Amino acid sequence: MEPCRLSATDLACRRGERLLFRGLSLRLDAGAAVQVAGPNGTGKSSLIRILAGLLRPYAGAVEREGDIGLLDERPALDGHQPLSQALSFWRRIDGGGNAAVERLGLEPLLDLPARYLSTGQRKRAALARLLSQRAPIWLLDEPLNGLDVHAVALCEALVAEHCAGGGITVVASHQPFTLPGMSRMVLAEFAT
Amino acid sequence: MRPLLTILRRDLALLLPGGQRGGTLLPLLFFLAVAMLYPFAVGPQPELLARTGGGVIWVAALLAAILPLDRLFAPDLEQGFFDQWALRGIAEEAVVAARLLAHWLSFGPPLILAALPAAALLGIDAQTLWTVELGLLAGTPGLAAIGVMISALTVGVRGGTALAGLLLIPLAVPLLVFGAGALATGGAGGIALCGALSLLLVAVAPFAGGAAIRAAREG
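Chains A and B supply the protein sequences, listed in that same order.
By the numbering used here, the letter at position 166 of the first sequence is numbered 166, and the numbering carries on one by one without gaps.
By the numbering used here, the letter at position 64 of the second sequence is numbered 64, and the numbering carries on one by one without gaps.
Hints are computed from structural coordinates only; laboratory data are not their basis.
For clarity, every value in this text was computed on a predicted model and none was experimentally measured.
A couple of the hints might just be wrong.
In silico negatives: residues of chain A with every beta carbon more than 10 Å from chain B [stated by the list, open to error]:
id, residue
1, 10
2, 22
3, 67
4, 68
5, 69
6, 72
7, 77
8, 99
9, 133
10, 156
11, 157
12, 174
Computed spacing ranges between beta-carbons, pair by pair [said to hold, decoys possible]:
id, chain 1, residue 1, chain 2, residue 2, range
13, B, 177, A, 108, 57 to 67 Å
14, A, 9, B, 211, 24 to 34 Å
15, B, 159, A, 39, 40 to 50 Å
16, A, 191, B, 109, 23 to 33 Å
17, B, 159, A, 65, 52 to 62 Å
18, A, 161, B, 2, 49 to 59 Å
19, A, 31, B, 30, 28 to 38 Å
20, B, 158, A, 191, 26 to 36 Å
21, A, 59, B, 162, 36 to 46 Å
22, A, 67, B, 130, 26 to 36 Å
23, B, 1, A, 62, 43 to 53 Å
24, B, 2, A, 18, 49 to 59 Å
Quick reminder that beta carbons are idealized off the backbone N, C-alpha and C, glycines included.
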């Protein structure tokens, strides 16, 4: 995997009139993983979007080295298309292989229009899109939402493999995420 | 370049008649319905129809161009497509340019074809029909560009569709003045001006639309 690094200094985030957090710094080198924890509304998703470069921070700066792979509640898969075609749209852009589909147990669903998938199935499909993107930095916003026990274990295993292969992972979740060596950051500590 | 071609192919599959984002034959049927109903509304005097028919075709084209606006950007923004494209380094401007081309192809050429039966319904002579067709060819890219810009600007606004229709009509007036105006004067000057306006709008649209999409994401 290409070398990657993700660091943020003195981030602050404002949504509307509220300052969600400030003074947040982090530095992740290849192989590192961090879980951003905290109750709803503390700015986990906003932090993920700031790290991805999709949202401008109110203060502070983010430095990225390496491509970003984002998994959030929006799977970016065409609902009317069979899952196979919805996924192959992204494969044509990313140039990845087909292995992820098998890994995530999506073969029985490939002919189904993506809008008929359940929440958990849709999440698995989005994970397949993320895997074939082969980005070194993974930003996962509530990756375990809607997943069953088996899929949760699979997701944790995928993240473990990704980090073992030199990738970076940031998981924003209020649920426990099991990964050896993962550091933990509680957003409420940076609340104002 | 390859990602953009993939995106363009998806856009075409979504927007062309028979595409998946619903009812793209609707503008065409709407256009023909106006041409069919107009003689009933104003009465069947042939000279009146022949005199005003070209203008009616233009107005119908303008209204038909409004119909697909709500589906141009909103679904892709809601489903996270624009986020994923941005992360892959695909500029919003490029995506908007591809969408502009797909949007024009979805209603421009079909309207130009549908103007033939519409002209027959309204009893328009060959010379006027030729002026209408040339005008539509010059004007519809501009209509598409205005539509794309407005659709991108209103993407995060509640009730954006109604607003988009209201915004498009005054902005389309110059195109209509020169395009439909050529019918009265019979000259090529109006059509040339209409084409020039179209070119300008097509050149501006990707940048205005791209900036609007980025602003909507920050909101």
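Any hints this thing doesn't respect? Which numbers, in order? Failing hints, ascending: 3, 4, 5, 6, 7, 9, 15, 16, 17, 18, 19, 22, 23 and 24.
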